[in-house]
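A.B. asks: Listed below are the residues making up each chain.
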Amino acid sequence: MDKPLTGDLRPDGTVLDLAAYEKVGGYEALRKVLKEMSPADVLKEVTDSRLRGRGGAGFPTGQKWSFVPMGDNAPTPKYLVANADEMEPGTFKDRLILEGNPHLLIEGMILSAYTIQATQGYVFLRWAYKLAAERITRALAEAYDRGYLGRNILGSGYSFELHLHTSAGRYMCGEETGLLNALEGKRANPRAKPPFPQVSGLFGKPTIVQNVETLCNVAPILRNGAQWYLGLSRSEDGGTKLYGVSGKVRRPGAWELPLGTTIREILERRARGMREGYQFRGLLPGGASTDFLVEDHLDVKMDYGSVQAAGSRLGTGLMIVLDDRTSVVGMVLNLERFFAQESCGWCTPCRDGLPWTARILQGLLEGRGRPGDLERLEMQTRMMGPGNTFCALAPGAMEPLQSALKYFREDFEKLIPRSDAA
Amino acid sequence: MLTEDERRMIRAEAAHYDHPQAACVEALKIVQEHHRWVSDEHLKEIAALLDMSPEALDSVATFYNLIFRKPVGENVILLCDSVSCWIMGYEGIRAHLKEHLGVELGETTADGKFTLLPMACLGTCDRAPAMMVGNELYRNLDNGKVDEILARYRQPSGA
Numbered sequence: 001m002d003k004p005l006t007g008d009l010r011p012d013g014t015v016l017d018l019a020a021y022e023k024v025g026g027y028e029a030l031r032k033v034l035k036e037m038s039p040a041d042v043l044k045e046v047t048d049s050r051l052r053g054r055g056g057a058g059f060p061t062g063q064k065w066s067f068v069p070m071g072d073n074a075p076t077p078k079y080l081v082a083n084a085d086e087m088e089p090g091t092f093k094d095r096l097i098l099e100g101n102p103h104l105l106i107e108g109m110i111l112s113a114y115t116i117q118a119t120q121g122y123v124f125l126r127w128a129y130k131l132a133a134e135r136i137t138r139a140l141a142e143a144y145d146r147g148y149l150g151r152n153i154l155g156s157g158y159s160f161e162l163h164l165h166t167s168a169g170r171y172m173c174g175e176e177t178g179l180l181n182a183l184e185g186k187r188a189n190p191r192a193k194p195p196f197p198q199v200s201g202l203f204g205k206p207t208i209v210q211n212v213e214t215l216c217n218v219a220p221i222l223r224n225g226a227q228w229y230l231g232l233s234r235s236e237d238g239g240t241k242l243y244g245v246s247g248k249v250r251r252p253g254a255w256e257l258p259l260g261t262t263i264r265e266i267l268e269r270r271a272r273g274m275r276e277g278y279q280f281r282g283l284l285p286g287g288a289s290t291d292f293l294v295e296d297h298l299d300v301k302m303d304y305g306s307v308q309a310a311g312s313r314l315g316t317g318l319m320i321v322l323d324d325r326t327s328v329v330g331m332v333l334n335l336e337r338f339f340a341q342e343s344c345g346w347c348t349p350c351r352d353g354l355p356w357t358a359r360i361l362q363g364l365l366e367g368r369g370r371p372g373d374l375e376r377l378e379m380q381t382r383m384m385g386p387g388n389t390f391c392a393l394a395p396g397a398m399e400p401l402q403s404a405l406k407y408f409r410e411d412f413e414k415l416i417p418r419s420d421a422a
Numbered sequence: 001m002l003t004e005d006e007r008r009m010i011r012a013e014a015a016h017y018d019h020p021q022a023a024c025v026e027a028l029k030i031v032q033e034h035h036r037w038v039s040d041e042h043l044k045e046i047a048a049l050l051d052m053s054p055e056a057l058d059s060v061a062t063f064y065n066l067i068f069r070k071p072v073g074e075n076v077i078l079l080c081d082s083v084s085c086w087i088m089g090y091e092g093i094r095a096h097l098k099e100h101l102g103v104e105l106g107e108t109t110a111d112g113k114f115t116l117l118p119m120a121c122l123g124t125c126d127r128a129p130a131m132m133v134g135n136e137l138y139r140n141l142d143n144g145k146v147d148e149i150l151a152r153y154r155q156p157s158g159a
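Chains as they are written, first to last, in my numbering: chain A, 1 to 422; chain B, 1 to 159.
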């Protein structure tokens, strides 16, 4: 099977430098595109490939790019930003590529920038990824030296400047508009939409923000074509996906597999099932902000449509497994505390609702449960549901809670004093 | 006072952006790299350099949890407390660290060697539990491994 994202990664964890990347076909797509293809041609190829965002929201990439104003009257400069602020709890996929093959990201960014005619770009990297920062810095220098970045790339007349920006913490930096504020040197509060960043983003100019894994697909698509990319997938959308598993499984890890591989295959064949003495109870399929799925869902395909039909979201595609010896309520409390801490405080439902939610859960675990607590938690899931908050942080925080209340209700009920129960 | 070297590094970062303020988080980190934390004096100097008011810069500095506006120890321990690490034994590691160092989360040891802080997901969940000490990442932690790591930082030569 073709593995465009990880096939060239070295098993020993060392990085592919420019020469090694070129040896496996690196920058061939860039040479071909700059010589033979117009931005509109590239846009068509990427749209035809049915590449969708790999950061969590799953927006079709070609469509996103099509919103950027083009032509001589378009505002300048336009920007392209790689969202490398991987901070969704349970997610460790972008790290693999950032550390192992940074040129795959850089080539994807040059190609994407060319498509929207952006002249400036940033890799927005989270603080904690020190090794990635070191390797990206070196790769950028190599790409500049070789004429893949900077003015008049390979004599094409197209110019693109790309820099690394490292952050200083906070989950909100991964939210598209929060990231733009952070990049401008401000607090990472979200912005109102519209206007959408594609029209008015960084410094008020047209900007595309795209997850690392998404961008890393672009060069392989342009090298091998949209039809090849569609053929990699077992779903209606194109490509492979980085999947992963953490929790009490035999072999936690991350693997590149066809988009639409089933949960069972990932859990049982790749992660080798549960550790001795632990039973499977459920999982969050794509990071902390996705709804629990349970045993009945093991044959669900991990693609955008199938996971949604099962009542959750593909999210980042990296699963967190709940076992029978881990407290469900404790796990949900851990998640809600994270979201409460990472709320930027910009809008009231999120700022006040998340700590309130965490307090109720903590009360349950500390023997202070009261009748009506579960109803109060359910009220929170409605009050912080989609449409009531400024950004997606609080609605995301409600996904594991609402589904835990649905699938593991008895675990919560046990913590309410019986004499008061209705 | 900022050194000439620090000023030069901050100006070089600012050159990457169309607006100098965009370099302010990098600037705070440059200063922190040299002094471990950002004092009021340094904050004012950075603000002036980037054409910001000290208040505006402080509102940014206090938003980001990895900019320290109070002194920290020689080595900052960032212990991941997010969900996968929690499942894999975060609470045990936390208890061990607290006992071993004699501090609560958010505190610095009496000898000034370590500051212990909780940290959101470090993105290495397949090898949980995990922590960082300074810029180094340590994974698959157990109590013995934690002792071994801390001992290395206690040696006079550092890590």
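Hints in this document: simulated from the structure, not taken from any laboratory.
Accuracy of the hints is not assured; some may be wrong.
[As the list claims (entries may be wrong)] Simulated crosslink set (PhoX-like; lysine-lysine; CA at most 25 Å straight-line):
#1 A/Lys248 to A/Lys205
#2 A/Lys248 to B/Lys70
#3 A/Lys44 to A/Lys248
#4 A/Lys248 to A/Lys32
#5 A/Lys23 to A/Lys3
#6 A/Lys23 to B/Lys70
#7 A/Lys130 to A/Lys186
#8 A/Lys32 to A/Lys44
#9 A/Lys193 to A/Lys205
#10 B/Lys113 to B/Lys145
#11 A/Lys414 to B/Lys70
#12 B/Lys70 to A/Lys130
#13 A/Lys32 to A/Lys3
#14 A/Lys186 to B/Lys70
#15 B/Lys98 to B/Lys145
#16 B/Lys98 to A/Lys186
#17 A/Lys205 to A/Lys186
#18 B/Lys98 to B/Lys113
A.B. asks: Against this structure, judge whether each hint is valid.
C.D. replies: Here is what the structure says about each hint:
The suggested pairing of lysine 248 of chain A with lysine 205 of chain A is violated, with an alpha-carbon distance near 46 Å, which exceeds 25 Å. Note on lysine 248 of chain A and lysine 70 of chain B: the hinted pairing is violated, with a Cα-Cα distance of about 38 Å set against a maximum of 25 Å. Pair hint lysine 44 of chain A plus lysine 248 of chain A does not hold up; C-alpha atoms about 43 Å apart against a cutoff of 25 Å. Among the hinted pairs, lysine 248 of chain A with lysine 32 of chain A is inconsistent with the structure: their alpha-carbon atoms are about 46 Å apart, more than 25 Å.
Under the criterion of a C-alpha separation no larger than 25 Å, the hint pairing lysine 23 of chain A with lysine 3 of chain A is consistent with the structure, at around 16 Å. Restraint check for lysine 23 of chain A and lysine 70 of chain B: not satisfied, since their Cα atoms lie roughly 49 Å apart, outside the 25 Å limit. As the CA atoms of lysine 130 of chain A and lysine 186 of chain A are separated by approximately 22 Å, the hinted pair is consistent with the 25 Å bound. The straight-line distance between the Cα atoms of lysine 32 of chain A and lysine 44 of chain A is roughly 15 Å, inside the 25 Å bound, and the hint therefore holds.
Proximity of lysine 193 of chain A to lysine 205 of chain A is assessed by CA-CA distance (about 14 Å); at most 25 Å being required, the pair is judged to hold. Under the criterion of a C-alpha separation no larger than 25 Å, the hint pairing lysine 113 of chain B with lysine 145 of chain B is consistent with the structure, at around 18 Å. The straight-line distance between the Cα atoms of lysine 414 of chain A and lysine 70 of chain B is roughly 43 Å, outside the 25 Å bound, and the hint therefore fails. As the CA atoms of lysine 70 of chain B and lysine 130 of chain A are separated by approximately 23 Å, the hinted pair is consistent with the 25 Å bound.
Distance check on the hinted pair: lysine 32 of chain A and lysine 3 of chain A sit about 21 Å apart at the alpha-carbon level, within 25 Å; holds. Between lysine 186 of chain A and lysine 70 of chain B, the direct Cα distance comes to roughly 20 Å. Compliance with the 25 Å bound is thereby established for this hinted pair. Our distance criterion of 25 Å between C-alpha atoms is met by lysine 98 of chain B and lysine 145 of chain B, whose separation comes to about 15 Å. A C-alpha spacing of about 34 Å is found between lysine 98 of chain B and lysine 186 of chain A, which places the hinted pair above 25 Å, so the restraint is violated.
Of the pairs offered as hints, the one joining lysine 205 of chain A and lysine 186 of chain A holds, with about 16 Å between alpha carbons and a cut-off of 25 Å not exceeded. This hinted pair checks out: lysine 98 of chain B and lysine 113 of chain B have alpha carbons roughly 14 Å apart, not beyond 25 Å.
Taken one by one, the earlier hints fail for this structure at numbers 1, 2, 3, 4, 6, 11 and 16, listed in ascending order.
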